[in-house]
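Enquirer: Now for the letters of each chain:
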Amino acid sequence: MPPIIRTERLTKTYGTHRGIEEVDLEVQAAEVFGFLGPNGAGKTTTMRVLLDLIRPTSGRAEVFGIETTADPVAIHRRVGYLPGEFDLYDRLTGAETIEYFANLRGGVDRAYTAELVERLDLDPSRRFREYSKGNKQKVGLVVALQHKPELLVLDEPTAGLDPLVQHTFFEIVRAARSDGRSVFLSSHIIEEVDRTCDRVAIIRDGRLVQVDRIETIRLLAFQQVELVFGGPVAADEFEALPGVSHVASVEGRVTMRVSGPIGPIVRAAARHDLLDLMTRAPNLEDVFLAQYGRGDGG
Amino acid sequence: MAADPRRAPRSRAGPRLADHLLGLGSVYGKTIRDSRRAILAAGGLPGLIVLATAAAVGAQFATAASRLELVAQAQLLPIALRGLLGEPIAVDTLGGFVSWRVGNTLPSILGIWSVLALSGTLAGEAQRGSLDVLVTAPISRRRIALQKLLGHVTAVSVAMAIAALLTFVAGAAFGTLPGDAIPLGAALGHFALTGLLMLLAGGAAFAAAPVVGRGRAAGIGFVVLFGGYIVPAYATTSAVLEALEPLSPFSWTTAHRPLAGQEDWLPVGVVALVAATLGALGVVAFDRRDLGRAVGLRWLRMPSLPAGTGNPFTRQLSDRTAAAIGWGIGIGVYGALIAASAEAFAAGIAQIRGISELIARLYPGVDIGSPSGVLQLGFFAFGTLLTGLAATSFVGGWAGDEANRRLDLVLSTPVARSRWAVTSGLGVMAAIALTVVVVGVFIGLSVAGPGGDVATPLVGLGVLALYAAAVAGIGLGAGGLIRAGIAVPVAGAVVISSYLLEVIGNILRLPNWVLQLSLNHHLGQPMAGRFDGPGLVLLAVLAVGGLAISTWGLRRRDLRG
Numbered sequence: 001m002p003p004i005i006r007t008e009r010l011t012k013t014y015g016t017h018r019g020i021e022e023v024d025l026e027v028q029a030a031e032v033f034g035f036l037g038p039n040g041a042g043k044t045t046t047m048r049v050l051l052d053l054i055r056p057t058s059g060r061a062e063v064f065g066i067e068t069t070a071d072p073v074a075i076h077r078r079v080g081y082l083p084g085e086f087d088l089y090d091r092l093t094g095a096e097t098i099e100y101f102a103n104l105r106g107g108v109d110r111a112y113t114a115e116l117v118e119r120l121d122l123d124p125s126r127r128f129r130e131y132s133k134g135n136k137q138k139v140g141l142v143v144a145l146q147h148k149p150e151l152l153v154l155d156e157p158t159a160g161l162d163p164l165v166q167h168t169f170f171e172i173v174r175a176a177r178s179d180g181r182s183v184f185l186s187s188h189i190i191e192e193v194d195r196t197c198d199r200v201a202i203i204r205d206g207r208l209v210q211v212d213r214i215e216t217i218r219l220l221a222f223q224q225v226e227l228v229f230g231g232p233v234a235a236d237e238f239e240a241l242p243g244v245s246h247v248a249s250v251e252g253r254v255t256m257r258v259s260g261p262i263g264p265i266v267r268a269a270a271r272h273d274l275l276d277l278m279t280r281a282p283n284l285e286d287v288f289l290a291q292y293g294r295g296d297g298g
Numbered sequence: 001m002a003a004d005p006r007r008a009p010r011s012r013a014g015p016r017l018a019d020h021l022l023g024l025g026s027v028y029g030k031t032i033r034d035s036r037r038a039i040l041a042a043g044g045l046p047g048l049i050v051l052a053t054a055a056a057v058g059a060q061f062a063t064a065a066s067r068l069e070l071v072a073q074a075q076l077l078p079i080a081l082r083g084l085l086g087e088p089i090a091v092d093t094l095g096g097f098v099s100w101r102v103g104n105t106l107p108s109i110l111g112i113w114s115v116l117a118l119s120g121t122l123a124g125e126a127q128r129g130s131l132d133v134l135v136t137a138p139i140s141r142r143r144i145a146l147q148k149l150l151g152h153v154t155a156v157s158v159a160m161a162i163a164a165l166l167t168f169v170a171g172a173a174f175g176t177l178p179g180d181a182i183p184l185g186a187a188l189g190h191f192a193l194t195g196l197l198m199l200l201a202g203g204a205a206f207a208a209a210p211v212v213g214r215g216r217a218a219g220i221g222f223v224v225l226f227g228g229y230i231v232p233a234y235a236t237t238s239a240v241l242e243a244l245e246p247l248s249p250f251s252w253t254t255a256h257r258p259l260a261g262q263e264d265w266l267p268v269g270v271v272a273l274v275a276a277t278l279g280a281l282g283v284v285a286f287d288r289r290d291l292g293r294a295v296g297l298r299w300l301r302m303p304s305l306p307a308g309t310g311n312p313f314t315r316q317l318s319d320r321t322a323a324a325i326g327w328g329i330g331i332g333v334y335g336a337l338i339a340a341s342a343e344a345f346a347a348g349i350a351q352i353r354g355i356s357e358l359i360a361r362l363y364p365g366v367d368i369g370s371p372s373g374v375l376q377l378g379f380f381a382f383g384t385l386l387t388g389l390a391a392t393s394f395v396g397g398w399a400g401d402e403a404n405r406r407l408d409l410v411l412s413t414p415v416a417r418s419r420w421a422v423t424s425g426l427g428v429m430a431a432i433a434l435t436v437v438v439v440g441v442f443i444g445l446s447v448a449g450p451g452g453d454v455a456t457p458l459v460g461l462g463v464l465a466l467y468a469a470a471v472a473g474i475g476l477g478a479g480g481l482i483r484a485g486i487a488v489p490v491a492g493a494v495v496i497s498s499y500l501l502e503v504i505g506n507i508l509r510l511p512n513w514v515l516q517l518s519l520n521h522h523l524g525q526p527m528a529g530r531f532d533g534p535g536l537v538l539l540a541v542l543a544v545g546g547l548a549i550s551t552w553g554l555r556r557r558d559l560r561g
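Sequence order for the protein chains is H and S. Number 20 in the numbering used here belongs to position 20 of the first sequence; there are no gaps in the numbering. Number 29 in the numbering used here belongs to position 29 of the second sequence; there are no gaps in the numbering.
In case anyone wonders, no lab produced these hints; they're calculated from the structure. Incorrect hints may appear among the rest.
[Claimed, not checked] Derived lysine to aspartate or glutamate pairs resembling DMTMM-like cross-links, with alpha carbons at most 20 Å apart:
| # | chain 1 | residue 1 | chain 2 | residue 2 |
| --- | --- | --- | --- | --- |
| 1 | H | Lys136 | S | Asp558 |
| 2 | S | Lys30 | S | Glu125 |
| 3 | H | Lys133 | H | Asp194 |
| 4 | H | Lys133 | S | Asp34 |
| 5 | H | Lys136 | S | Asp532 |
| 6 | S | Lys30 | S | Asp132 |
| 7 | H | Lys136 | H | Glu156 |
| 8 | H | Lys136 | H | Glu85 |
| 9 | H | Lys133 | S | Asp19 |
| 10 | H | Lys148 | H | Glu226 |
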């Protein structure tokens, strides 16, 4: 089955400013794809190119097999989009705003719209300008979701949402995947991305630095290992072992990072009075921070 | 000893000198920094107009005899026309002529800056939320408001100083007769009044903004500005205007014409006092009221169409409706007052010998003997300016869709860029039509009351609508082709430069190719039933062509990021 999103050497520059450089991505059907990166890394630029809001400087992007610049309207019919920053019509109420976008699309199931409004706990009777940041975000989410698009492109969808609504949102995302729909989202809630996404791409300075399944990323990452001994043990006994780094020994407590199997560490530890052994599996946040050199010794 | 928790430690490090110089050391400095382009425009524009006028006067009226003829003609003008043009004082000197011909008009145009700046400096920031950040800095609200106000006062002062300097240069460079030299003190005295009239209108908006919000405050400021300008001009023709005349600061200061060698500082001081009082009221109101919380004032709300959620056309029109009706009422009341006094005005003029020749020179082709002709003389020129500004404001609303990134969401739906560009552009045109319809209702009722010819001025208003559509077309074209942010500056520049060129172009006998650059030059005298066929075609081409260019441009460029 062809990918829902495919980019090839996609590059976008703004004059002399970098946007993204040679980004190669594929998002499959029924996949939740997380797009991670710090502010200004190029996430929004990538999404806006996919929607044909801006045009590539070089390379190409396809959505549903259609080149984004060739027939954007055909793509838009099947996409729901939530920008990272947006403002809507001050004088319209939430309900009127949602109705306007439903009219622009046509064929929206009003019952489903009402269900979304209820699930996201949105009061649609207030004017848009009176909404808090979180409630404006809810209106944007309803606009993006109400037509049950085949592809959701969501830029920081949980920004401003309270934890309960965030939880509801990720439930909706998982339900969309169950229905065979695809989701391409950026988020700073790494824990939720970890739990929800099938695959993740990490972008840094406009370039993709890692794209993989979450489980693979975890496997490739290090584990934090902590050994507790009955007496002091020298750190250099472990430093030479394969896959071991960042060893520290303080009063019988030895900590280290381990990439790969921990058998050699266990065998080396067994030569001493080992009282306890603890390992912590890596999470996406560790990987993310390590990619940016901000993890513990990263 | 434990520190008193109620007393926060004070940082000894203040802003660096470089920060102050760059306008980042205080709210006051930042306000001036943000105004630097406006300072150059508001100082340079009148300065260049004065230079151009002085150059032309020096060439056209180079002899004492020609100047005396000019004085004689100016003094023949009926009072109503004197008000429109400015009181003719010492018009045989370069300074007197400049003061008469452009001095009275400039405050009403430059004042737009003060009204927009002072209505938005606090209320606009409060709406955007940026003021929340500012007021949580360790600066009192009163101080923030005061610094913003003083920042604008400084910006206006610098702009007026630039204008005065250029006026002084104009006198030195183009004076041909004794008395043509313009002393720097006289130029400064003249532009001091101009600046104060601007600040008074802006002060009204500033005082109102914390209470009624930015939009309504700007409306109040414009009523003070344009109402103050128009009322004394036509006070003799209408009992209502005559009753309002004492309220106009333009009326108080008619004797202060330093460029003409006549000074009257007391009323200027009164204008300063009123402006300062309004500023102080604004500071206190901002200090006492909830941030960004305007009172309801439902009675001040313009009627508007339903939400307009059907498509981009209805959405655009609906968002512009209230403003369109507001502009329509303002311009319509002005037109209705002129129309109501048209017959008496025309009869008065007809009794003055020799006036026809002068009018023919000032306004070639207008039949001053008819009420429609008076409407053409007394309403159309300034009405064109106001309608053009209305069109510019609608273009600003259109541009806001992209600037505020609403367009990102709209264009992520199956609405093609070209469809959005065409339908939203037509929404702007429809708002212009609505404005002119409202104007037409007022003028039509005013003319029909005494049984006058309604059809002619109403057809003339069609030309007004076409002119505004052309302005909008130019703005939409620039905004679509390049970026939305330049749509308003381009449209506004076309409106103001066209108006000023037409005001001074004819009497200075500027070359025809220069006059042709003004859109107003292609309008004919439509209120009097005289049409400029090729001009109307040009306007239509600009309106339709601008929309087409906007559509083409928007299809090919990136949306604002």
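Enquirer: Among the hints numbered above, which are violated by the structure, and what are their numbers in rising order?
Expert: Hints 1, 3, 4, 5, 9 and 10 not satisfied by this model.
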